[in-house]
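Now for the letters of each chain:
Number of protein chains: 2
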Amino acid sequence: MAQQRGVKVAEVNPTDSGKLRAFVRDVLTAMNVPRQDAETVSEILVEADLRGVDSHGVTRLGGYVQMIRSGIINPRPKIQVVKETPSTAVIDGDKAFGMPVAKRAMEMTLDKAKQVGLAGVTARNMSHTGMVGFYTMMAASRGMVGMAMNNGPTIVPPFGGITPNLSTNPMSVAFPAGKEEPIVLDMATTVVAGGKFRLAAKKGLPIPKEWALDRSGVPTDDPNEAIEHGFFQWAGGYKGFGLATMVEVLGGVLSGGLFGQEVPPMIHFGKDPITSSGFYLAIDIERFMPLAEFQGRVDTLVRQLLSSKLAKGVERIYVAGGPEFERKRQRTREGIPLSAPVYEELLRLSRELELPFDLAFSGPRAGGSRH
Amino acid sequence: MAQQRGVKVAEVNPTDSGKLRAFVRDVLTAMNVPRQDAETVSEILVEADLRGVDSHGVTRLGGYVQMIRSGIINPRPKIQVVKETPSTAVIDGDKAFGMPVAKRAMEMTLDKAKQVGLAGVTARNMSHTGMVGFYTMMAASRGMVGMAMNNGPTIVPPFGGITPNLSTNPMSVAFPAGKEEPIVLDMATTVVAGGKFRLAAKKGLPIPKEWALDRSGVPTDDPNEAIEHGFFQWAGGYKGFGLATMVEVLGGVLSGGLFGQEVPPMIHFGKDPITSSGFYLAIDIERFMPLAEFQGRVDTLVRQLLSSKLAKGVERIYVAGGPEFERKRQRTREGIPLSAPVYEELLRLSRELELPFDLAFSGPRAGGSRH
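Protein sequences appear in the order of chains A and B. For the first sequence, position 342 (counting from the first letter as 1) is numbered 342 according to my numbering, and the numbering increases by one without interruption. For the second sequence, position 65 (counting from the first letter as 1) is numbered 65 according to my numbering, and the numbering increases by one without interruption.
No lab work stands behind these hints, which were simulated from the structure alone.
Copies of the same chain are indistinguishable here, so a pair counts whether it falls within one copy or spans any two.
With a cut-off of at most 35 angstroms between alpha-carbon atoms, the simulated DSBU-like pairs for lysine-lysine come out as follows:
1. 309 to 202
2. 78 to 271
3. 312 to 202
4. 309 to 196
5. 271 to 309
6. 209 to 312
7. 114 to 83
8. 196 to 209
Input sequences plus hints: build the corresponding full structure.
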């Protein structure tokens, strides 16, 4: 592997998104994943890295490879539509990667909504689906309203409790705009995701008391207690818990998949199973008003929000999805700054699988940078 | 008015829900509201009082009467379906009470969803819609999933801003259960509603710093500053703001109604206009699985959540809607405890409109107490 001899690992490694996508795809095809599924997974991982959602980017690849090796992820699944009507479908993922299943579910949802106005598709028995906003942005880019959500490993207790019963249950909604960026809400129903605890623990810093509970269910600022024995807190307290309940019912219950305490917990990403079920909904805007009119109205709303007078100490206002579009423009210009541990893991995978390794960023790529 | 001579106003006045409904209806019909619309408004107000959502109960009646008198609410509207397909509709409320418009919108949504699987209806140009959970419970009681949300007076700035641009934008989702109560999430996207500030100010107490911002956008514990010059805070910070943006787009933008800064603000309830637009969605569960199976699965989830070990200091866990069902059982047994100011206002209305006034609670009513 001549390409690998000269690889230098820096603190931050500006990486070319196109090369990264090809590399991730090649890792997955080397792991017996069909080319089209490998393309889908790599597309969604690298899109997360471009958008600054690093927790859902290529940092996950090593874990996925481990999960294929241990049989947790089925690389050659038989994904089936087990029930279908003109406006609905139920998909069984056969332990597949979540991304190809969720993407197919949203494609079906969009096709159906275009035909009948509104459509909803559930998908069950799949693994990690990555950045949930990817699926709703598919809707926005086709001029439709998209909604997506999924349950996952049982790690978060109900509000007021300490027995884990739900996941961080993310949800996303996206709306097409005209001249402005689409509005893309993409949020966990907990305050933060686990990565932030681990970063604070590594740096020896306390965490805000709103993030986590200790083992007895009391707010804690100790990241180690939170990681080892504690629990996530819900965003907005009982309101986040209520939204997570909605996600559990629409994703887990309505899909016929695992829900609540049936879903295995996950302590170690890559070693433990991830089982997820999702719900995907689309609305054809044209049934309500011409798309151009809707887009113009969304533009007006976005501009109003962005031009609010600022609160003391605030530098600018963002509409949902705004920070991620900004980050994508920056990373398209400057490359994706992969941290040393992530870069080293990719390098290790390239050696194990005997793949060429050249991810170096050499300048902005043409096109595709805005959305 | 012989009935009124003996009226005693206590601190708390146990009130009969049936008599209260009839009284509210009679006040409204005396104000030129058609009987069916008056029934709908009174049904939804008293249901809010039964469920303990006092802020959306008969405390509003005096303001509504004022709004009819000043022409803000149109008591004899021509509510029109301006656009319709098998799965969608757009309704114009002609400045009507919001409740008959929203109820009709949800009825259309449910009928359509039963026919085609999923349906969505928008309603614009209506006044206050009351407790938004009422509309989603209509869906749950018909064995369907319901979602409802609406925008309203421009009083809340975007996260990070101090220029009002949205309302407290409430949303609700409901799911039918089997033996358990339905799950009914019904929440403002702000932390609390304005009534809590006013109560703290009256008692001379500080408010939690998470509730409100002062005039410069900094968290404050002074309820007077919050009421006079300040702003609501979003539940979960930018996450609540993101959800409110979703409500503004689905309610205000998609309906063709007023949205963002176009919606008049409201400082004094009763004196200032309330303009609202809403979005109503329903899903026919039977397209995904037999209803009984879904209900059984929801029961299982609810029981799991309720049986979690408790966090330190917590007495019990509630699933969304749980506290309200409990309150309704209690108030059905014991009467609705109307506070002296509310009771006095109803008494005043009875005198102005020359209506008999007897709301006294005399024991539990048969039936209808569970949901």
